[in-house]
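Q: Sequence:
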Amino acid sequence: MPSQLPTPRDTFVRRFGDLVALLRVDPGNDAAQDLALSAAAGAVARASVVVEAGVDRGEPGEDLTLQGRMRARLVDVLRVAAGAEPQELLALARALSHDIAPVPSTGPVAVELAPVVVPGTLVDAPPSYSPARADGDRRREAERRHWTGRRFAGPERRRIGDRRSTGERRLRLIKHQQTDIAGISARLAQAVSDQHWRAVLGHAHALRAYAARVPASERRSFVITARRQLSRAALAGVVKHALQVPADRIPAVEVLRWAGLDGADAMLEAVQRSEVAGPRRFLHDALGGMPEAYPAIVPLLSSRRWHEVHHAAGILGRMGRAEAVPLLRPLLDHADPRVRSAAVHALAGFPPADAADALRAALAHRTPATRAAAADAIGARKLAVFAMPLMAALETERDREAWRTTVGALGALATPEACAALAAVALARRTLVTRRGYGREQRVEAVRALGRATGPHATAALQRVAEAGDNSVRRAALAALTARAAPRSSERARRDCG
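The sequence shown: position 388 = 368 (this note's numbering), numbered continuously.
Derived from the structure by calculation, the hints contain no laboratory data.
Careful, some of the hints might be misleading.
Said to hold, decoys possible - In silico EDC-like pairs for lysine to aspartate or glutamate, Cα to Cα no more than 20 angstroms straight-line:
| no. | residue 1 | residue 2 |
| --- | --- | --- |
| 1 | Lys220 | Glu198 |
| 2 | Lys362 | Asp334 |
| 3 | Lys220 | Asp174 |
| 4 | Lys155 | Glu198 |
| 5 | Lys362 | Asp337 |
| 6 | Lys220 | Glu234 |
Model the full structure from these sequences, guided by the hints.
A: What follows is the structure in structure tokens.
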């Protein structure tokens, strides 16, 4: 039997462990360190790796293996994403080889530290979802049957739902859950009092996870009681923590959406405080998935602050409710161009049947920036039904930037009509006699848009331009065809070598 090839994890553990050991005992051996680092980075070039230290199985002694150094630095789990940079791996290796240097944790190279239990502190115990079965857990035979002295008629069968409501094991499970819920609620109240927002998030997320395990008859009252513990200040603190720690944004959004309208108000207040939507874009996505927040967002469309209208338009676009289209349509005439752009991109997120008239009006707007925003939104959403309006707008557009954006949108659609229109533009050379057609720069831009397009229609259009175009567009078309064929050639060569 042939020996089994080592997995990427095995290679990474061995070679990265060698790098950590070299940095600790032989820090001057640069050549060996470079070889070990290259081998470790190559092992995770295309595959992610998870390494567990086994803190509960080993001792944090002087062990030069990778798991030994992880235990010595109290690192429980190491997660390395595919394609992690060698610089990040080297920084982690230096920290593991040291005794007191802080252990870095990034997105591609993330570490999870083992919990340190300090005597006298309160530590969350794992929830007892399935308590161990004791000797007296089952009923005796005399207790299982109604002993009336009559003749045995077969084994007693439980009625539907009887075991889940009256079974002894179920009752014990509910009792354990109640104990766990009471402990989490007490720790949540203490964290809110201390304004420890990360702990508030962790305990609130744990309560949210318990909601599905609470008996159906008590679930509504449990949710109401749990939500009452999350005051406005606590929810605002959770939002603040999520803005500062991107890794906790997913559980924060789950807790805020579970909190209902109070959570929506906390997120909306955080959105209103900033003109820039970048760091708060996850709040836009969260509010866009809360239909109950719609009445709180609509009034912002009439705000005097442009950024509040901008945020509201983006959130309504994510919601996709048809009744919001008539409210967004007047924003195309707003005085601020940033609001008009946000309205156009929001309208592009609705079904074309609902927002077709508004987007056509945006393509014919009096300002070039709004026309360019409409074309960009159509291209980004790949709304193929707007290919003909884009072609019509291309013929009448005189602004250079808006014309370039319209050409790019046609290339993004890559429909047969759009590719044919771009090829016609590339071949329509302006002459002194007719004064029709397009200049060299415009025709080359059309060829570049075809080069960025995907699909067989774009390839056919490029071949047509390469055959019938003049020197400038022919060179651009041939360059685009060469770039398009390069990935296929490399893929074919890899298959042949394999």
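Q: If a hint holds in the structure, say so; if it does not, say that too.
A: Structure-based check of all given hints:
1. Lys220 / Glu198: 32 angstroms, violated
2. Lys362 / Asp334: Given that 20 angstroms is the threshold and the Cα spacing comes to 16 angstroms, the pair holds.
3. Lys220 / Asp174: Within the cut-off at roughly 15 angstroms; holds.
4. Lys155 / Glu198: 13 angstroms, holds
5. Lys362 / Asp337: 17 angstroms, holds
6. Lys220 / Glu234: 15 angstroms, holds
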